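Let chain A serve as the given structure and place chains B and C on it in line with the hints.
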Amino acid sequence: MKIEIKNISKKFGNLVANSEINISINNGIHALLGENGAGKSTLVKIISGQIAPDNGEILIDREKLILGSPIESINSGVGLLNQDPLDFGNLSVLETFLVGIKDANPYRNLKQTKENILRIFQKYKINIDFSQKTKNLSIGERQQVELLRLLYNGAKLIILDEPTSAFSLEQKKMMFETLRSLTKEGIIIIFVSHKLDEIIELCDTATILKSGSVIHSISKPFDSQDIIEKMFENTSSKIKRDKTFTNENNFTILVSGKDFLGRNTEDIEHRFSYGSVIGIAGLQGSSNDSYIKNFFTNEFSKTKLVLDSKVTIPKKTYYYMPSDRIEKGLFRDLNVLEHFGLFKSSETRFLNWNKIKNISSKKIKKFNIRANFSNEVSELSGGNQQRLMLSLMPENQSILLLEQPTRGLDFNSAENIWEMILSRKSKDIAIFFSSTDIDEIWEYSDIVISVSGKSIVNINYKKELTKDKVINYVSGIV
Amino acid sequence: MNKNIQLIQINFIRLVLTLAIIFFVLTLFGTSPISIFDSIIYGSMGSYSKFIRTLIVWAPISLASVALIYTFSAGMWNIGIEGQIIMGAVGATFVARSFFGDTIISPYVQILFALGFGGFWGLICGVLKVKGNVHEIFSGLGLDFVASGIVIYLIIGPWKREGIASTSGTDVFDKASWIPTIGQNEFPLLLILIIFVIYIFSFFIFKYTSFGLRLKATGVNEDAAERFYFSSGKYILLSFFIAGAIAGLAGFSQASGAYHKLVPSISGGFGFLSILIVLICSRNIFFTLIISFLFSALIVGGSQLQIKLGLDHSLIGIIQALFVLSWLILEKLKLEKILLSKIIRSNE
Amino acid sequence: MKIFINLFLVSILSISIFACSSSEEEDMATEKVVQEKDEAHAHDGEMEPFKFGMILVGPRDDKGWSQAHFEGGEYIEEISGGEMIVADMINPADSPNLTVDQVVSDMIDEGAQLVFATSDDMKDGILAAAEKFPDVPMIWASGDSAWQEGKAYRGDLENLGNIMGKMEYGKMIAGCAAALKTKTGNISFLGPLINDETRRLANAAYLGAKHCYDGDNLNFEVVWIGFWFHIPGVTSDPTQVANEFFDGGSDVIISHIDTPEALVVTGQRAAEGEDVFVVGYDYEASCDTAPEVCLGVPFFNWGPDYLNAAMNAAHGEFKAEFLWSEPNWENMNDKDSSPIGWNTGDGLNESEKEELNSFIENLSSGGLNLFTGPLNFQDGTEYLSDGQTASDSEIWYTPQLLEGMTGDSQ
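Protein sequences, first through last, are from chains A, B and C.
Residue numbering for the first sequence follows our numbering, beginning at 1 and increasing consecutively.
Residue numbering for the second sequence follows our numbering, beginning at 1 and increasing consecutively.
Residue numbering for the third sequence follows our numbering, beginning at 1 and increasing consecutively.
If you're looking for bench data, these hints aren't it; they were derived computationally from the structure.
The reader is advised that the hints may include incorrect statements.
The following label-pair restraints were derived from C-beta to C-beta distances [unchecked claim]: (1) 294/B / 78/C: 48 to 54 Å; (2) 288/C / 328/B: 42 to 48 Å; (3) 382/C / 141/B: 49 to 55 Å; (4) 4/B / 415/A: 52 to 58 Å; (5) 297/A / 145/B: 35 to 41 Å; (6) 345/B / 7/A: 45 to 51 Å; (7) 376/A / 294/B: 28 to 34 Å; (8) 338/B / 61/A: 51 to 57 Å; (9) 312/C / 328/B: 51 to 57 Å; (10) 20/B / 103/A: 48 to 54 Å.
All values reported here derive from a predicted model rather than from experimental measurement.
A virtual CB, placed ideally from N, CA and C, is assigned to each residue, including glycine.
Just chain A, with the same shape it has in the complex (with noise of 0.2 Å):
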């Protein structure tokens, strides 16, 4: 068994996704790594045939693997196991087998079909009951059956998708012997995952992406520090930031003793001076979203900001910012004016449109939205509308709370997002926002919180931190 991905290149508009990618594998484990947006989705998506690319080709075996087609993938013996099991939550765990299965009727010979599915049941020493619900199945073991199926149908190469973000740790370590196993019978599989330990762990070789491209492939024995080196290389920023600035004002963030998870930790206090950035990092998946959110819900923990002069922050001072700006920023079915309309209505019982219609233009013209009045904000780009909720954001000094700011949008708009944010240091007690781009929070942050998992590992200036002691927290190193 051999695989070759020759020259694979595939671009969405102007962005490059992939470029050139060359790998080639031979046996074993392949870790597929890479910050963000580096392409490993998108390269994944090539293999199983959902996305066809603009160039190159992909051998197996020696031989030409028909692209663009999931069904070509799958008869060329290539199995995607999803990040979230595909299956029938319903239907016995039997009957979800049989759903996703080659033989044409596998009902005609229900005996057979069922005999040689336990065989590969017991082959990898997996024990489930066949007849009870799906549902009632843990998540691992849901993949578990879902890997099993892959191998009855087949497949010599298998891709996991991020496999184990929902796992136990037991469960992972069953996984890992399986996945061992099988690389024993001549099969090939592709391992995508942000966790390190996870890889160096298991994996026999590997590939870095960034941008779309292919920046380095290793082997055993891995350099952990290498590769977290090599994944947040450095990418420099033009934005000239007011960096002389200021204030005499402080205020303090009293993390609570109750995390997420409801387990006690110290109470902790720390106190900063107004009109700080604070990043909060964390990989995807972590909890780093949640705490930007908790500020202005409540929702998980009691960790809040305390102000020097002990007055009460209203409500009102917190400007929120959700990062999924339609289904929860903003409202789908009404149009830009509307929003305005409603970023007054705080203020006033009646809605006198021409006014609102003259601060609009200016907003408009300010934060460079290139919409009308009259459009529904499901027609507007994500850039532009990431700019129409900076553009609500309140006049008057505010704690602003932006949950990944520049999620899903280009180089340009993401500068020009952060040229907006940042011109209001001088006005606003603090700005909070959160990413998963380690980048992006050592370029803008003045202080860090890192957040691994669910837990805050640490909070400190970002002059006493290092980037690489970063990368350690919320990849988990301590």
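Quick look at chains B and C alone, frame taken from chain A:
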């Protein structure tokens, strides 16, 4: 092109297409659509007294429809509208049977009670939704049943006619408790005034107040509401209260304007009909006013098909259903937009 | 552009329809004149067919009350060549927001020269209509508005007459038939709503049963469903009530509602082997629903009285009379003369039929008046003292059920 004019054009084309479909189906039934529509138009507007009869039906339908605009705006399916109409009628009847019954102020006190009873009944739905997280469709349906149960209990119990226990209704109200009318043909001026005041008021609310805009926003996205510093729960409650109160007025119109007594099916199914009307009109307040009139004409004119043409009056149900279905299907198909763009192109 | 022209044509079309109707509206303005002309025509000798309206509370084919009226109308059409305009199912549940006075005015618009409102329930509407159209004769069947001794007497309404047959006799026969058949002594009366008429007829049925029952354990139970027929969610379900009667130990039901649920239920239970029977109501062929278990049916024959009213109206001789007609004792089932009749069903055997016939004989000869004292009301107060016979008004307006019956009086 001006968006409003375009909207009117699209709706006009849709109306014509809908009527064409109805004509076609009626022909399939072997009836003459022209004579049916002639009879409906004549039966609903053929004379002043018939026109007034249509107004009396239009009053509850238009009121219930505008009531539903409030709850639909807040994203709520106010199935409980029937119960709110019924309770409004109960409130009105309560006043008409009290010592106010034979006084000249009776109708005005009735209005207050109808508003209160209906609003209270709506509020129950709202509270169950916001505080108890009970889906408004289930609570609404339940409250509809409870309301009609209450009416039947009152009619054969405490409010029955002397020596009679029949579900046919209470005693006729004292004339002082009837909705005041003008002239020999009994033009219901007060009722018409109420309708117009409420429509203009509602138009103003939705167009020019923070309240209206927030109501709309609540309906679009409950989660986002909080970001603009208002609680969607409060607006859901208010929408149910206002909708219930206006529906209560529809009940008042039924009890004191149409029947002059309380009967078991006092709501006449107009609440459910209004839900369809508001769906057809996509919550547009002016279309609602017009379409509700069309439906009232259909109901009043249709009730005379039997007398004029010897046809079964279930035919009206068929026409109504056809209207709603074809309208909604046409809306999904977006046929009119294509037609309209063709028209514009050929004009250019 | 072409499409615009088409749209234009369609709108012209609808406008012209509108125009048609508005020209008819002008016709309506001269309605009175036309009407007078019509009457003149009628005098001259029937130039135009005589039109009359028939407002039914239920469907015209309900095998009950409404169908009996409908056939009364057909009788007029048959004999006089008039033309009937029918509006059926005129009740708030089936025709929301259509009131009786509106139907009357629609019928008058259509040229009706006489209108029959055929339910006690239509009181409010027909009184309003009679006020509104004082020149159009109307009949409120089963009502009491034209009766000088009546509680609802409206002397001012000179155009509104009442017609009712003396169904008391029919109900006495029904009660007697039930008493002859019952083995348990438990007779159930499936009543509609409670008013003067239904109390009167329930009492009559009880008196008939009491007279014919051999023994002293007669148990006569009355249950009211709330209206003349089943309105789901509003009235009790008569099917369920009938079943409960039998479950509770009755073996004969006397139905007094407009629809035949009691017969259906009895037929079904008999088919399952139970020894149960039923007496129908209103419509002469109602036994057809369950012939084997039907003991008979007292029915209305509205035709003769209705025809009389129609002839009077057509000749301008209509008077607001209260007509409470005796059966034609010579031949109770004569279509052309008797307002009520009795059909004996197959449920009675020969000897029972004979006993029943002698009972009818007794009634017709005048030798037997069951409304004779001593009779007490349900609450023990005296209705008729020993030997006293009830007056018309005492019969019509019975305030309570009689002693010996169970069930609500109000």
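Can you tell me whether the CB distance of residue 345/B to residue 7/A sits inside 45 to 51 Å?
Roughly 47 Å apart at Cβ, these two residues keep to the hinted range, so it holds.
Are residue 312/C and residue 328/B spaced within 51 to 57 Å by their CB atoms?
55 Å Cβ-Cβ, so the 51 to 57 Å window holds.
Assuming the hint says 51 to 57 Å, is it satisfied by the Cβ distance from residue 338/B to residue 61/A or not?
With Cβ atoms ~52 Å apart, the hint holds.
Cβ distance range 52 to 58 Å for residue 4/B and residue 415/A, holds or violated:
Since the Cβ atoms of residue 4/B and residue 415/A sit about 40 Å apart, the hinted range of 52 to 58 Å is violated.
Would you say the C-beta atoms of residue 288/C and residue 328/B sit inside 42 to 48 Å of each other?
46 Å Cβ-Cβ, so the 42 to 48 Å window holds.
Okay, residue 294/B versus residue 78/C on CB: inside 48 to 54 Å?
The hint (48 to 54 Å, Cβ to Cβ) is violated, given that residue 294/B and residue 78/C are roughly 42 Å apart.
Range hint 35 to 41 Å: satisfied by the CB atoms of residue 297/A and residue 145/B?
holds, 38 Å
Between residue 20/B and residue 103/A, does the C-beta distance stay in 48 to 54 Å?
Taking Cβ atoms as reference, residue 20/B and residue 103/A lie about 52 Å apart, which means the hint holds.
For residue 382/C and residue 141/B, compare the CB-CB distance with the range 49 to 55 Å and indicate the outcome.
holds, 52 Å
Do the Cβ positions of residue 376/A and residue 294/B conform to the proposed distance bound of 28 to 34 Å?
This hint holds: roughly 29 Å between Cβ atoms.
Against the hints set out earlier in the document, violations occur for numbers 1 and 4.
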